[in-house]
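*Asks:* Listed below, chain by chain, are the residues.
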Amino acid sequence: MRLSQLCAVMVENGLKATVEGEDRVVTGVNTLDDAGGGDLSFVSNPKYLRALQSTSAAAVVVGDGVTPPNGLPIIRCADPYAAVTVAIVVLHGYRKHPQWGLSDRAFIHPTAKLGADPNVAGGATIAAKVTMGDHCTVYPGCYVADGVRIGHGCTLYPNVVIYDHCVLGDRVTIHAGSVIGEDGLGYAPRDKKWFKIPQIGRAVLGDDVEIGANCTIDRATLGQTEIGDGTKFGNLIVIGHGTKIGADCLFVGQVGVAGSVTVGRHVTLAGQVGVAGHLTIGDGVRAGGRAGISGDVEPGAEVLGSPAVPIERAKRSFFALQKLPEWIQRIKDLEREVAALREKLGE
Amino acid sequence: MRLSQLCAVMVENGLKATVEGEDRVVTGVNTLDDAGGGDLSFVSNPKYLRALQSTSAAAVVVGDGVTPPNGLPIIRCADPYAAVTVAIVVLHGYRKHPQWGLSDRAFIHPTAKLGADPNVAGGATIAAKVTMGDHCTVYPGCYVADGVRIGHGCTLYPNVVIYDHCVLGDRVTIHAGSVIGEDGLGYAPRDKKWFKIPQIGRAVLGDDVEIGANCTIDRATLGQTEIGDGTKFGNLIVIGHGTKIGADCLFVGQVGVAGSVTVGRHVTLAGQVGVAGHLTIGDGVRAGGRAGISGDVEPGAEVLGSPAVPIERAKRSFFALQKLPEWIQRIKDLEREVAALREKLGE
Amino acid sequence: MRLSQLCAVMVENGLKATVEGEDRVVTGVNTLDDAGGGDLSFVSNPKYLRALQSTSAAAVVVGDGVTPPNGLPIIRCADPYAAVTVAIVVLHGYRKHPQWGLSDRAFIHPTAKLGADPNVAGGATIAAKVTMGDHCTVYPGCYVADGVRIGHGCTLYPNVVIYDHCVLGDRVTIHAGSVIGEDGLGYAPRDKKWFKIPQIGRAVLGDDVEIGANCTIDRATLGQTEIGDGTKFGNLIVIGHGTKIGADCLFVGQVGVAGSVTVGRHVTLAGQVGVAGHLTIGDGVRAGGRAGISGDVEPGAEVLGSPAVPIERAKRSFFALQKLPEWIQRIKDLEREVAALREKLGE
Numbered sequence: 001m002r003l004s005q006l007c008a009v010m011v012e013n014g015l016k017a018t019v020e021g022e023d024r025v026v027t028g029v030n031t032l033d034d035a036g037g038g039d040l041s042f043v044s045n046p047k048y049l050r051a052l053q054s055t056s057a058a059a060v061v062v063g064d065g066v067t068p069p070n071g072l073p074i075i076r077c078a079d080p081y082a083a084v085t086v087a088i089v090v091l092h093g094y095r096k097h098p099q100w101g102l103s104d105r106a107f108i109h110p111t112a113k114l115g116a117d118p119n120v121a122g123g124a125t126i127a128a129k130v131t132m133g134d135h136c137t138v139y140p141g142c143y144v145a146d147g148v149r150i151g152h153g154c155t156l157y158p159n160v161v162i163y164d165h166c167v168l169g170d171r172v173t174i175h176a177g178s179v180i181g182e183d184g185l186g187y188a189p190r191d192k193k194w195f196k197i198p199q200i201g202r203a204v205l206g207d208d209v210e211i212g213a214n215c216t217i218d219r220a221t222l223g224q225t226e227i228g229d230g231t232k233f234g235n236l237i238v239i240g241h242g243t244k245i246g247a248d249c250l251f252v253g254q255v256g257v258a259g260s261v262t263v264g265r266h267v268t269l270a271g272q273v274g275v276a277g278h279l280t281i282g283d284g285v286r287a288g289g290r291a292g293i294s295g296d297v298e299p300g301a302e303v304l305g306s307p308a309v310p311i312e313r314a315k316r317s318f319f320a321l322q323k324l325p326e327w328i329q330r331i332k333d334l335e336r337e338v339a340a341l342r343e344k345l346g347e
Numbered sequence: 001m002r003l004s005q006l007c008a009v010m011v012e013n014g015l016k017a018t019v020e021g022e023d024r025v026v027t028g029v030n031t032l033d034d035a036g037g038g039d040l041s042f043v044s045n046p047k048y049l050r051a052l053q054s055t056s057a058a059a060v061v062v063g064d065g066v067t068p069p070n071g072l073p074i075i076r077c078a079d080p081y082a083a084v085t086v087a088i089v090v091l092h093g094y095r096k097h098p099q100w101g102l103s104d105r106a107f108i109h110p111t112a113k114l115g116a117d118p119n120v121a122g123g124a125t126i127a128a129k130v131t132m133g134d135h136c137t138v139y140p141g142c143y144v145a146d147g148v149r150i151g152h153g154c155t156l157y158p159n160v161v162i163y164d165h166c167v168l169g170d171r172v173t174i175h176a177g178s179v180i181g182e183d184g185l186g187y188a189p190r191d192k193k194w195f196k197i198p199q200i201g202r203a204v205l206g207d208d209v210e211i212g213a214n215c216t217i218d219r220a221t222l223g224q225t226e227i228g229d230g231t232k233f234g235n236l237i238v239i240g241h242g243t244k245i246g247a248d249c250l251f252v253g254q255v256g257v258a259g260s261v262t263v264g265r266h267v268t269l270a271g272q273v274g275v276a277g278h279l280t281i282g283d284g285v286r287a288g289g290r291a292g293i294s295g296d297v298e299p300g301a302e303v304l305g306s307p308a309v310p311i312e313r314a315k316r317s318f319f320a321l322q323k324l325p326e327w328i329q330r331i332k333d334l335e336r337e338v339a340a341l342r343e344k345l346g347e
Numbered sequence: 001m002r003l004s005q006l007c008a009v010m011v012e013n014g015l016k017a018t019v020e021g022e023d024r025v026v027t028g029v030n031t032l033d034d035a036g037g038g039d040l041s042f043v044s045n046p047k048y049l050r051a052l053q054s055t056s057a058a059a060v061v062v063g064d065g066v067t068p069p070n071g072l073p074i075i076r077c078a079d080p081y082a083a084v085t086v087a088i089v090v091l092h093g094y095r096k097h098p099q100w101g102l103s104d105r106a107f108i109h110p111t112a113k114l115g116a117d118p119n120v121a122g123g124a125t126i127a128a129k130v131t132m133g134d135h136c137t138v139y140p141g142c143y144v145a146d147g148v149r150i151g152h153g154c155t156l157y158p159n160v161v162i163y164d165h166c167v168l169g170d171r172v173t174i175h176a177g178s179v180i181g182e183d184g185l186g187y188a189p190r191d192k193k194w195f196k197i198p199q200i201g202r203a204v205l206g207d208d209v210e211i212g213a214n215c216t217i218d219r220a221t222l223g224q225t226e227i228g229d230g231t232k233f234g235n236l237i238v239i240g241h242g243t244k245i246g247a248d249c250l251f252v253g254q255v256g257v258a259g260s261v262t263v264g265r266h267v268t269l270a271g272q273v274g275v276a277g278h279l280t281i282g283d284g285v286r287a288g289g290r291a292g293i294s295g296d297v298e299p300g301a302e303v304l305g306s307p308a309v310p311i312e313r314a315k316r317s318f319f320a321l322q323k324l325p326e327w328i329q330r331i332k333d334l335e336r337e338v339a340a341l342r343e344k345l346g347e
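Chains as they are written, first to last, in our numbering: chain V, 1 to 347; chain H, 1 to 347; chain S, 1 to 347.
Be aware that one or more of the hints could be misleading.
Since copy identity is lost for identical chains, a pair holds within one copy or between any two.
Stated by the list, open to error - With a straight-line cut-off of 27 angstroms between C-alpha atoms, the simulated DSS-like cross-links for lysine-lysine are:
| id | residue 1 | residue 2 |
| --- | --- | --- |
| 1 | Lys-244 | Lys-192 |
| 2 | Lys-332 | Lys-315 |
| 3 | Lys-129 | Lys-113 |
| 4 | Lys-47 | Lys-129 |
| 5 | Lys-129 | Lys-244 |
| 6 | Lys-96 | Lys-113 |
| 7 | Lys-16 | Lys-47 |
| 8 | Lys-47 | Lys-315 |
| 9 | Lys-196 | Lys-244 |
| 10 | Lys-113 | Lys-332 |
| 11 | Lys-196 | Lys-96 |
| 12 | Lys-193 | Lys-96 |
| 13 | Lys-196 | Lys-16 |
| 14 | Lys-16 | Lys-193 |
| 15 | Lys-344 | Lys-332 |
| 16 | Lys-16 | Lys-192 |
| 17 | Lys-47 | Lys-192 |
| 18 | Lys-344 | Lys-244 |
Hint data in this document are derived by calculation from the structure and do not stem from the laboratory.
Take these sequences, add in the hints, and give me the full structure.
*Replies:* In structure tokens:
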């Protein structure tokens, strides 16, 4: 595909993009380091500008103000990341799943109701009274328990487990090994032992949710745990029972949210963030890596640290802490000087 | 079931409970927000008192001093959480597993010895010389390796893996995707490479242990890793090789305990707590969320922070740290004033 | 086997070792506490010297300067940990896998090419165009996706998932439930929604890599995520897309490394360490437990804390922080004294 054709698709997608230099044919997209002769590459992070010197790419997508050496052809776009995303979709597309149809080695309960065009592998289990929409793919080793409801166009990668009576919207994708709707840590103390409370709620995932690998999302004790439409999770994320996450959130790997938390829309939690139970996190909140959120967070706030505080305060405290030994020295100096003054004044 | 009948069961369970208002029939338990016409609900956390105003529940369980508006019938109990637990058990009960018997699509080694009433799904594997007690349920995708010993009444949810020669007591429940007895990180450095030490020990789980989803419990290098009777784990918990955890502990999600640690009884570790290797944690210790325990902890202590210190000290340090920029300003002010005094005294 | 024979093997392995006392026969290796009559045990950590008093071991491996009571026979070696490793290998060896050959209940795609002596269990799936070297073991529930390339002598424990087109070197071991090559968190923001970027790269694991249980290693968006030869991972570790880890690293449980990070050789990350995206970590770096690495780290540095700083600075700051309330008191005292001096001077 010629750069000009790709550029046209970018423009169709609402981006302002122009070709500069030779209108080359590109066949794929790759990093600056790994690109071969027919590859388009890109620079969005200024950290990688230097690699422009040595790339073997046929062309690069760059932002405003960047001009590669050697007259390398470019597609210029103010948002090179968005532009190259378009190029990847056009030139490569999304993963094509193996086509099993309804494998005769899958374990499908006779009371399960599957929609049109099912793609269920051997070694997958669909239990009693499950309903599943059209065009769903279920990889080997998945277990979809009794009474689960799955929408249209969902993909369960290998070894995903959905506990009984949980609900998935349309176009939900769950990566390998994730577990949805397991019992939360619901025990009542009784005579210094832990008495198990039946976990009779469920977990409900909205439309267009994507969950990474080896995550665990508790069912609610009562009612439901909710993951809002369009929300995306990285890997190894834990969501506690009864927690409700809003739409279009982004949670990075190893985030842990305790139970009964309410999280708004468009919330970004960076890697290893933890959120204590029963809190309310407002719309648009952003928490930096490893933030430990132990109180409610106002909409739009950016927090950092453990316990998490507004990011400017967290940084100020951190820098002050780093200089603390020096300040302690200055306190000692002051004490000496004050003692000297006192002596001089005959105290 | 009438409120008075439910109340009677609560009393049988050792709770002091009384009905106030109409002796309604309830058919289920739900949250204040989600409760429908026949549902019993409850308030134990004062944070949720407000929701009493708008609930559609037929009745609520409340603690002392709480009176809902509109003459809503109540069951009053000093411990509403315990009372509603009883109600959930009576009205809903625990999960009923699918009944597979001994599926002819399970992989059962001829030398495995299964107790009475086995419930083993297609796609589960029971390897050589396994012994399994009566009334055990093994979901699809589980792998029970050579020589594992499982007690009576155990449940392995889908895709649980028990490595060779590990031991489970009676009534052990392991949620989906958890792995018991994998090799720990046992390597000896040799010529700047890592030489693998055979991990010949095992992991042993006591009676009534419940393990969350996607946890990993290392086998010991030598001897055994132990999880005490009645101990309960959340999800994504890591236990290192040779660590011994006492009875009736509660570990919340994403806790990580390194190897060769000794943990007492009734220890509570909140979410994302980490414990370094070779430590001793006394009976009854409680560690707050994200605590990083890097030294032995005395029995009964409550710790917080990373590195973890007694909770009062952790809080004091945290508040002092937050005010540190202000204290630095006050040091600067003092320096100015002392300089002025010195000048005045002709130094 | 006699102590003298074992000792000879240790010497063959390059260790200086000598027998002192009776040349007993030993049949196994165990901890001091668990050792029975025929067992060899060892002390490498001085913390456990006391247990020498009460052990029932037949003999012990000890370091220089340690002499057990009661004339217990010993193998003395400056590095007792290395010596006992040799003993464990000799007396116990490594795990013997069940022998399935090529199970007729495995799901093997006709286009997959398997090397000599395959050992593939029932319930394992080898998808289209996979190539697998000689002497590989694949446990039940594993899913090896389209186009994956696996070297010789690899072991995939149960329920391991390798996404399409990923590459494993020779003698790679992956423990149960780990996922290699899942899509990373690659989304472009578009109209306040997250637009999925096809993840067309792959993950490549070098020779002699060992990965713990329930880890997740993202494929790259473009190009490849890399794990260097001889690198070993604990459990529940997350590696982000496009990250490149050098050879012979050791990562302890629950480590999380974000995307596009470059990690050198011989890097040790202790438990729960987090590394932010796009950083460079030099050769030989060591990060203490829970370190939060938010900037590049020089080769050979040892860091601690969150954000991570050189270990001496981290410790100094921590101790200063613990004493901070006391220093604040001293500032208040100074303020009082200076005020008194000012008054005295008639200001």
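*Asks:* If a hint holds in the structure, say so; if it doesn't, say that too.
*Replies:* Outcome of the hint check:
Taking the shortest Cα distances, Lys-244 and Lys-192 sit within 27 angstroms of each other only across copies (20 angstroms), while inside one copy they are farther apart (31 angstroms). In this assembly of identical chains, the alpha carbons of Lys-332 and Lys-315 lie at most 27 angstroms apart whether taken from the same copy (26 angstroms) or from different copies (20 angstroms). Only within a single protomer do Lys-129 and Lys-113 lie at most 27 angstroms apart by alpha-carbon distance; the minimum there is 7 angstroms, versus 33 angstroms between protomers. Neither within a single protomer nor between protomers do Lys-47 and Lys-129 lie at most 27 angstroms apart by alpha-carbon distance, with minima of 53 angstroms and 38 angstroms respectively.
For a Cα distance limit of 27 angstroms, the shortest separation of Lys-129 from Lys-244 inside one copy, 26 angstroms, qualifies, whereas the shortest one across copies, 42 angstroms, does not. Taking the shortest alpha-carbon separations for Lys-96 and Lys-113, both the intra-copy value of 24 angstroms and the inter-copy value of 21 angstroms come in at or below 27 angstroms. In this homomeric assembly, Lys-16 and Lys-47 come within 27 angstroms of each other (Cα to Cα) only inside a single copy, at 23 angstroms, whereas the closest approach across copies is 50 angstroms. Taking identical chains as interchangeable, the C-alpha atoms of Lys-47 and Lys-315 lie at most 27 angstroms apart only when both belong to the same chain, with a minimum of 23 angstroms there against 32 angstroms between chains.
Taking CA atoms no more than 27 angstroms apart as the test, Lys-196 paired with Lys-244 passes in both settings, with 23 angstroms inside one copy and 23 angstroms between copies. Taking the shortest alpha-carbon separations for Lys-113 and Lys-332, neither the intra-copy value of 77 angstroms nor the inter-copy value of 74 angstroms comes in at or below 27 angstroms. In this assembly of identical chains, the alpha carbons of Lys-196 and Lys-96 lie at most 27 angstroms apart only when taken from different copies (15 angstroms versus 43 angstroms within one copy). In the homo-oligomer, the alpha carbons of Lys-193 and Lys-96 lie at most 27 angstroms apart only across protomers (23 angstroms), although the nearest pairing inside one protomer, at 50 angstroms, exceeds that limit.
Proximity of Lys-196 and Lys-16 under a CA criterion of 27 angstroms is satisfied inter-copy only: 20 angstroms between copies versus 58 angstroms inside one chain copy. For the identical chains of this complex, Lys-16 and Lys-193 are inter-copy neighbours only, at 19 angstroms across copies versus 64 angstroms inside a copy, given an alpha-carbon limit of 27 angstroms. Both within a single protomer and between protomers do Lys-344 and Lys-332 lie at most 27 angstroms apart by alpha-carbon distance, with minima of 19 angstroms and 22 angstroms respectively. Proximity of Lys-16 and Lys-192 under a CA criterion of 27 angstroms is satisfied inter-copy only: 18 angstroms between copies versus 66 angstroms inside one chain copy.
For the identical chains of this complex, Lys-47 and Lys-192 are inter-copy neighbours only, at 26 angstroms across copies versus 56 angstroms inside a copy, given an alpha-carbon limit of 27 angstroms. Proximity of Lys-344 to Lys-244 under the C-alpha cut-off of 27 angstroms is found in neither arrangement, the shortest distances being 67 angstroms within a copy and 64 angstroms between copies.
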